[in-house]
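The task is simple: from the sequences and hints, build the whole structure.
For what it's worth, my numbering labels the leading residue of the sequence shown as 1, then goes sequentially.
Cβ-Cβ distance ranges computed for the label pairs, FRET-style:
1. D17 / L46: 18 to 28 Å
2. A31 / E57: 26 to 36 Å
3. E27 / G7: 13 to 23 Å
4. L53 / E9: 17 to 27 Å
Read the hints as simulated data drawn from the structure, not as lab findings.
Glycine included, every Cβ here is placed at the ideal spot set by N, Cα and C.
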Amino acid sequence: MYFTDRGIEELEKRRGDEEVTLAWLAEQLQAFVDAHPDFEVPIERLATWLARLDDPED
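Given below as structure tokens:
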């Protein structure tokens, strides 16, 4: 198990039954980056990946 898997599992366990909008998620990601600017690049990569999930691959 990767270290990051524990955080993902905790998120699913604690909040897995909740429904959120992508606008809410974007706000939370921005707040996280504002508080932790060292994580800007990985958060931007995640956001871009999520935004493009339905795009056909090049």
